[in-house]
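Asker: For this one, chain A is given, so just place chain B on it according to the hints.
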Amino acid sequence: MSTLHTLREAFTELERRADTMTAAPGEQVGNASRPTRRRWDRRTLAPLVAAVAVAAILAGGIIAGASLWPTHTEQPAASTVPGAITVWQTETASCPAQQAQHAVSGAVLRFHDGCVQLVDLAATFTSPVQAQVTTSDGNWAVNVTFSEQQTAAFTRATTSAVGHRLALVGGGQVLFAAIVGEPITNGNLTITGMSEDEAHTVADILRNP
Amino acid sequence: MEFTEYVREQRPALLRFATVLTGQAWLADDVVSDVLGRAFEKWETIGDLDRPHAYVRRMIINEYLSWRRRRRCSTPVADMPETAGSVDDHGANHAEREAMIARLQRLPRRQRAAVVLRYYVGLTHDEIAAELGCRTSTVRSQISRALATLRITDGSQHPAAVSELEER
Chain A
33 MSTLHTLREA FTELERRADT MTAAPGEQVG NASRPTRRRW DRRTLAPLVA AVAVAAILAG
93 GIIAGASLWP THTEQPAAST VPGAITVWQT ETASCPAQQA QHAVSGAVLR FHDGCVQLVD
153 LAATFTSPVQ AQVTTSDGNW AVNVTFSEQQ TAAFTRATTS AVGHRLALVG GGQVLFAAIV
213 GEPITNGNLT ITGMSEDEAH TVADILRNP
Chain B
395 MEFTEYVREQ RPALLRFATV LTGQAWLADD VVSDVLGRAF EKWETIGDLD RPHAYVRRMI
455 INEYLSWRRR RRCSTPVADM PETAGSVDDH GANHAEREAM IARLQRLPRR QRAAVVLRYY
515 VGLTHDEIAA ELGCRTSTVR SQISRALATL RITDGSQHPA AVSELEER
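Residue numbers (our numbering), protein chains in the order written: chain A, 33 to 241; chain B, 395 to 562.
These are calculated hints, taken from the structure and not from any lab test.
Some hints could be false.
[Claimed, not checked] Far from chain A, some chain B residues (derived; all Cβ distances over 10 Å):
1) Ala422
2) Glu435
3) Thr439
4) Ile440
5) Asp442
6) Asp444
7) Gly485
8) Asp520
9) Ala523
10) Cys528
11) Ser531
12) Ser535
[Unchecked claim] With a straight-line cut-off of 20 Å between C-alpha atoms, the simulated SDA-like cross-links for lysine to any residue are:
13) Lys436(B) <-> Arg452(B)
14) Lys436(B) <-> Ala486(B)
15) Lys436(B) <-> Arg405(B)
16) Lys436(B) <-> Asn218(A)
17) Lys436(B) <-> Pro160(A)
18) Lys436(B) <-> Pro502(B)
19) Lys436(B) <-> His447(B)
20) Lys436(B) <-> Thr217(A)
21) Lys436(B) <-> Met453(B)
22) Lys436(B) <-> Arg402(B)
23) Lys436(B) <-> Tyr449(B)
24) Lys436(B) <-> Thr398(B)
25) Lys436(B) <-> His232(A)
26) Lys436(B) <-> Pro446(B)
27) Lys436(B) <-> Glu399(B)
28) Lys436(B) <-> Gln182(A)
29) Lys436(B) <-> Glu403(B)
30) Lys436(B) <-> Thr183(A)
31) Lys436(B) <-> Glu214(A)
32) Lys436(B) <-> Glu396(B)
33) Lys436(B) <-> Gln404(B)
34) Lys436(B) <-> Arg40(A)
35) Lys436(B) <-> Glu457(B)
36) Lys436(B) <-> Glu180(A)
37) Lys436(B) <-> Asn456(B)
38) Lys436(B) <-> Gln181(A)
Backbone N, C-alpha and C define an ideal beta-carbon position, used for all residues, glycine too.
In isolation and in its complexed conformation, chain A is listed as follows (with noise of 0.2 Å):
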């Protein structure tokens, strides 16, 4: 076997442990020090983002561009930061001590060498979100008009987060959490999968972080 033919066949194998990582949920490929990393994909996901899809069209289809799709299954601890909303990228809650050391900046959390570790800034919003609630047939939403500005901070989360999970966080607990699927970038949201009283207290928290 010839080295170049050896040196196409590691680079397939590369290849390989890409696509096993961006197309299966579980387990990480290729890094022994991540273990434990969970992923969602558009295949896990397909029965949700369809039932996403169909509540947001019964809510009045106000879901252009969002691809951020609810999940409540594993939510990271809720930010203690006051007068904010902020956006978390966190793929699970395993490092209680770090997310409270991060909890003061509101900032991006990301799963990483088998712990919850700080990231980046993706987005704070101090000014009030406009947020408003609808229902349809019994699916209770809120849909979310981000500022200029907001979108702008708002697109940058999404856009370095696709394939990771976001949350928003705001009044000390989580609103949404979410896999970003792809970015978004013309500032509307639809939050769907709550109850009445759930719907009111997050378009409350939008309105007056």
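Answerer: Frame of chain A, contents of chain B only:
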């Protein structure tokens, strides 16, 4: 091209390229995420280019080179762990391939970038020089040294194979 459309279509290819470049899928994921975040901010310019993908690929290379410089102290470069191979994996081939991946990991980053651009992307020496911002002669010597390292570290002597690589 719309940015969202670009990400949807090209992110898998970018992840593949970045994984080949960095040797680690999770590291590639980080690099691609960071690069796409910055690409969006100037997408009005990038999106109008004839080859936006080439521009973003160059951003990934630059991110990889600078990222490794920044994180070298805290992130040791580990050999790729063994993973479950495909059904047609046989012992010798599998071991040789894994050894090659390990040797690629040990290459200096600029040499590795040159090798990847040459033999994975298929660029010419001149094109690689433009990508890396250096002279063509520098690219040739980097690739030559990299190939020598890959061969010597292998413990086997395949001078013909190296010649083949150089001439392609």
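Asker: Taking the hints in turn, state whether each one holds.
Answerer: Okay, the hints, checked on the actual structure:
Listed as a non-interface residue, Ala422(B) fails to keep its Cβ farther than 10 Å from every Cβ of chain A; the least gap is roughly 6 Å. Look at Glu435(B): its CB is around 7 Å from the nearest CB on chain A, not clear of 10 Å, so calling it non-interface is violated. Every beta carbon of chain A lies more than 10 Å from that of Thr439(B), the smallest distance being close to 16 Å; the non-interface claim holds. The Cβ of Ile440(B) sits about 13 Å from the closest Cβ of chain A, beyond the 10 Å cut-off, so the non-interface label holds.
No beta-carbon of chain A is positioned within 10 Å of the beta-carbon of Asp442(B); the least distance is around 17 Å. Distance check for Asp444(B) against chain A: the nearest CB is about 23 Å away, which clears 10 Å, and the non-interface claim stands. Separation of Gly485(B) from chain A is adequate, the least Cβ-Cβ distance of about 13 Å exceeding the 10 Å criterion. The non-interface label for Asp520(B) is consistent with chain A: the shortest C-beta to C-beta separation is roughly 21 Å, beyond 10 Å.
Residue placement check: Ala523(B) keeps its beta carbon more than 10 Å from all beta carbons of chain A (closest about 21 Å). With 10 Å as the threshold on Cβ separation, the claim that Cys528(B) sits away from chain A holds: the shortest Cβ distance comes to roughly 22 Å. Remark: the non-interface label on Ser531(B) is consistent with the geometry, its nearest Cβ contact in chain A lying 23 Å away (cut-off 10 Å). Interface exclusion of Ser535(B) from chain A stands, the closest Cβ pair being 18 Å apart, more than 10 Å.
For the hint pairing Lys436(B) with Arg452(B), the CA-to-CA distance comes to about 14 Å; that is within 20 Å, so the pair holds. Straight-line distance between C-alpha atoms of Lys436(B) and Ala486(B) comes to about 48 Å, which puts the hinted pair past the 20 Å bound. Proposed proximity of Lys436(B) and Arg405(B) is supported: the alpha carbons are some 17 Å apart, at most 20 Å. Distance check on the hinted pair: Lys436(B) and Asn218(A) sit about 16 Å apart at the alpha-carbon level, within 20 Å; holds.
Straight-line distance between C-alpha atoms of Lys436(B) and Pro160(A) comes to about 27 Å, which puts the hinted pair past the 20 Å bound. The suggested pairing of Lys436(B) with Pro502(B) is violated, with an alpha-carbon distance near 31 Å, which exceeds 20 Å. Of the pairs offered as hints, the one joining Lys436(B) and His447(B) holds, with about 14 Å between alpha carbons and a cut-off of 20 Å not exceeded. Distance hint between Lys436(B) and Thr217(A) is fulfilled; the C-alpha atoms sit about 13 Å from each other, no more than 20 Å.
Proposed proximity of Lys436(B) and Met453(B) is supported: the alpha carbons are some 12 Å apart, at most 20 Å. For a cut-off of 20 Å, the pair hint linking Lys436(B) to Arg402(B) stands: about 18 Å separates their Cα positions. Under the criterion of a C-alpha separation no larger than 20 Å, the hint pairing Lys436(B) with Tyr449(B) is consistent with the structure, at around 12 Å. Proximity of Lys436(B) to Thr398(B) is assessed by CA-CA distance (about 13 Å); at most 20 Å being required, the pair is judged to hold.
For a cut-off of 20 Å, the pair hint linking Lys436(B) to His232(A) is broken: about 37 Å separates their Cα positions. Restraint check: the Cα-Cα separation between Lys436(B) and Pro446(B) comes to about 11 Å, which is no more than 20 Å; the hinted pair holds. A distance of roughly 15 Å separates the Cα atoms of Lys436(B) and Glu399(B); the hinted pair therefore holds under the 20 Å criterion. With a C-alpha separation of about 18 Å, the suggested pair Lys436(B) and Gln182(A) falls inside the 20 Å cut-off, and the hint holds.
With a C-alpha separation of about 19 Å, the suggested pair Lys436(B) and Glu403(B) falls inside the 20 Å cut-off, and the hint holds. Simply put, Lys436(B) and Thr183(A) have alpha-carbon atoms about 15 Å apart, close enough for the 20 Å limit, and the pair holds. A hinted pair counts as satisfied when its Cα atoms are at most 20 Å apart, and Lys436(B) with Glu214(A) qualifies at roughly 17 Å. At roughly 12 Å between alpha-carbon atoms, Lys436(B) and Glu396(B) fall within 20 Å of each other, so this suggested pair holds.
Taking the CA atoms of Lys436(B) and Gln404(B), the gap is about 17 Å. The hint holds against a cut of 20 Å. Between the alpha carbons of Lys436(B) and Arg40(A) the distance comes to roughly 34 Å, so the proposed pair goes past 20 Å and is violated. Taken as a hint, the Lys436(B) and Glu457(B) pair is honoured in the structure, with Cα atoms around 16 Å apart against an allowance of 20 Å. Restraint check for Lys436(B) and Glu180(A): satisfied, since their Cα atoms lie roughly 16 Å apart, inside the 20 Å limit.
For the hint linking Lys436(B) to Asn456(B), the alpha-carbon distance of about 16 Å falls within 20 Å, and the restraint holds. With a C-alpha separation of about 16 Å, the suggested pair Lys436(B) and Gln181(A) falls inside the 20 Å cut-off, and the hint holds.
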